[in-house]
Every structure is written in C-alpha cells, then in structure tokens.
Amino acid sequence: MEIKKGDRFFITGAASGIGRAAALAVARRGGRLFLTDINASGLEETVALVAKAGGEVAASRALDISSYEAVKAFADEIQAGHGAMQVVMNIAGIALYAAVEDTTHRHWQKLIAVNLWGPIHGIECFLPGMIQARRGHIVTVSSASGIMGAPVHAAYAAAKFGLVGISEVMRYDLKRHNIGVTVVCPGAVDTPLKDTVEILGVDPNSPGVKTLKKRFSGHAVSPERVADQILRAIEKEQFLVITSFDIKLLYFLKRFVPPLYHYVMTRITNLLIKLLT
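Residue 164 in our numbering sits at position 164 of the sequence shown, and the numbers go up by one each step.
Hints in this document: simulated from the structure, not taken from any laboratory. Glycine included, every Cβ here is placed at the ideal spot set by N, Cα and C. Hints are not guaranteed to be accurate.
Quick list of in silico lysine to any residue cross-link-like pairs, SDA-like style, CA-CA up to 20 Å [unchecked claim]:
(1) K254 / F161
(2) K5 / A59
(3) K254 / M148
(4) K175 / G165
(5) K4 / M148
(6) K4 / G54
(7) K254 / K274
Just the calculated beta-carbon pair ranges, DEER-fashion [said to hold, decoys possible]:
(8) L260 / L49: 42 to 52 Å
(9) K72 / H105: 44 to 54 Å
(10) E124 / F256: 32 to 42 Å
(11) I268 / A51: 20 to 30 Å
(12) E224 / I273: 30 to 40 Å
(13) A99 / A58: 43 to 53 Å
(14) H262 / N178: 35 to 45 Å
(15) G149 / G81: 27 to 37 Å
(16) A99 / H262: 15 to 25 Å
(17) A80 / N178: 36 to 46 Å
(18) G81 / L49: 21 to 31 Å
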C-alpha cells in the first residue's frame, strides 16, 4: 500500500520503543497519528516529540489495550471525528520469563490479556471501517517467540504464536477487501522492555540476569530500524518481517534443518536455565 500524506495511523504502545519510533517515522512521512499507551507520561513525551518533528497527533489517549471497552470508546470517538484508519499498528505488549511450572494462572491471564486480546481489540474496532473504505493495512508486532518455541517463554509464546496465526488468516481473508497484513517478529530490540521484563523467581540484580541482559543488548537492533522495516513492509505488501539475522537463521533451521534446530535450541535452553538458576 502506498503511504500518502495525511493517511491516518492508529498506533498502540506509542509511549516508548518500537511504538514511539513508528510514530516518529510516520510523522516524517506526513501521516496523521492516533496514539495510545498505558503509560500516560511516556505517551505525552511522544506527542511532544512528534510535534517537535513537525508531525501531527490528531488524538492520543492513555488506556489499557486489554480492556475492550476502553479501546472501543477511543476507536469510536476518533472514527466518528476523522473517519476510518488507513493503518492500524498493534505494537503494545509486555514480557515475562518463567519456566512453565513456575508460571502462575495470574501470569498466564495477564500475558494473554495484553499480548493477544489487546491486538484483537484493535482489529475488532477498526477493521469494519477499513473494509468499508476498501483500503488499509494491519500491522501486528508478534515476536521471534511467535514463530519459534523460545525457552522459558510459554505464556508469552502462547500469545505471540496466536498473533502470527491470526495475521496469517487475515492475510487471505482480507485480500478481497484490499487490506494488507503484516506480522513483525523481532528478536532482540533495544527498548525499555528489556529492563522491565519480569523473571519469575529470579533476583533481577543477580549476575546471571545481568549477563543475560548484556548478551541481549549485544545483538539488539534499534527500534528506529524496526520502524523503518515496518513502513517498508506496508509499502511492499510484505507479510512476515523478521528484524534480525540471528532470528532469520534460527527460523531457517527450524523449517529446513530440524535436527540442527533442535540441537541449537536445546543448547540455548540449557544455557538460559543455567544463567537463571
């Protein structure tokens, strides 16, 4: 889909990381922004940065995407005043490290509510208008854990695999309505999420956690790079975006060399468990 000046973009997770970078990238293209995040102060900072860059935030609201009522109220308001969105970017999410046996029911519920139901709410609320307009694109940020069973990510992977599945179905379902679909599966990205991720049963200041974060940061890509990849994917009608070479390599092994993939993932799992115990 060609991105035109004045196109309307709804972006979740806009207070930081990929969401903020996407908002600024869209602003540079002349898009009109409709932003949300649960972090009110971070969202205000993004709005200010967009204004400083000469962009336009037509509306913003701090809300919890796991609440259908909150998302629908904002969606109804902005669509009544501005019309259908051309692009919906489901970017907001939370992370959790935990062995399956340590993952409580509360954590399963929270991860699924935010990471799976949150994007579903955005799709539910904005898709009818896009179908009526017969133009649009839906971007959903999943994860490397949405295409590969990363260790100690069971609840997180459940939601992220779900997003990949939903996106693949929409890719074909929505083609007849002239609506494109992109699912983004990042590996390590240098965002605040890496510093706030919860690791159940582990001291966040332990040497193992510090080593893990250092290794993560060592091959993390910038959120600005991911944002640029997303906009290119919209323009090229690209379905799957994998943001870093290491994840592309692992995904290749999973599909074409399963025994080697199994060996590598077993080694990674053992190393990760050793660091966290």
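Check the structure against each numbered hint from earlier and tell me which ones fail, lowest number first. The structure breaks hints 5, 7, 9, 11, 15, 17; every other hint is satisfied.
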